[in-house]
Amino acid sequence: MPKNADICRVLFSSLPDHYFKSNYCGTIRRQLPSSGYGNLVSHLKDKHDSYVDDYLAHGSSQAGNRHAHGFVNDKISNIYRWRSWVVDRNMPLSEVDHPATRSMSHLMPILSKTLKKYLVGTAKLVEQRIASILPPTYLTRHSEIIDAVAALMAALRAPNNRRELRCHTDL
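In this text, residue positions in the sequence shown follow the numbering used here: the first is 1, and each later residue adds one.
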């Protein structure tokens, strides 16, 4: 028999303030962290008789898929935490190389060059994502108008055009 905690993690979705939503019927139940999973399991027993079989079927269909259970690669998790450490505190990248920082952190050591490589890669991915969302002609019309105004201003600044420039602007 599987543990109640494992069953509830698969068959319920967590909501804020200790509420859980049934993935079967959408019923929302409250379950305090110190009281176990009795309230959620009693709902499954009362309303969904085949919940254990469904849990086992879900587990066998997701075998080998670590991401389905919320697992993240340790290396990726370590890089993310170092990146958060440096960026959130606005520290230089060389801080990860400092022996005192390494001794105070529970994270696996990483080189500043490696961290920089991943930060640059993340920035490129974000740029690509933004570029895919924005229309391809973003600001092109404005840049054409700005160039035309700049050319007009340059032409009107010539000595023989100063009177015309005064008619259009305070310059």
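Keep in mind that the hints were calculated from the coordinates and are not lab data. Incorrect hints may appear among the rest.
Claimed, not checked - Just the calculated beta-carbon pair ranges, DEER-fashion:
#1 V87 <-> C25: 35 to 45 Å
#2 K45 <-> K116: 49 to 59 Å
#3 L56 <-> V120: 36 to 46 Å
#4 D88 <-> I130: 19 to 29 Å
#5 S84 <-> Y24: 54 to 64 Å
Unchecked claim - Cut-off 16 Å, straight-line C-alpha distance, at most; resulting in silico cross-link-like pairs (EDC-like, lysine to aspartate or glutamate):
#6 K116 <-> D147
#7 K113 <-> E127
#8 K117 <-> D97
#9 K113 <-> E95
#10 K116 <-> E144
#11 K75 <-> D88
#12 K3 <-> D54
#13 K3 <-> D53
Cβ coordinates follow ideal geometry from the N, Cα and C atoms, glycine included.
A quick look at each hint next to the structure:
1. V87 <-> C25: 35 to 45 Å: holds (42 Å)
2. K45 <-> K116: 49 to 59 Å: holds (54 Å)
3. L56 <-> V120: 36 to 46 Å: holds (45 Å)
4. D88 <-> I130: 19 to 29 Å: holds (22 Å)
5. S84 <-> Y24: 54 to 64 Å: The hint (54 to 64 Å, Cβ to Cβ) is violated, given that S84 and Y24 are roughly 36 Å apart.
6. K116 <-> D147: violated (37 Å)
7. K113 <-> E127: violated (21 Å)
8. K117 <-> D97: OK: K117 and D97 at ~15 Å, within 16 Å.
9. K113 <-> E95: holds (11 Å)
10. K116 <-> E144: Distance ~37 Å between K116 and E144 Cα, so the pair is violated.
11. K75 <-> D88: Violated - the C-alpha atoms of D88 and K75 are around 20 Å apart, more than 16 Å.
12. K3 <-> D54: holds (14 Å)
13. K3 <-> D53: holds (13 Å)
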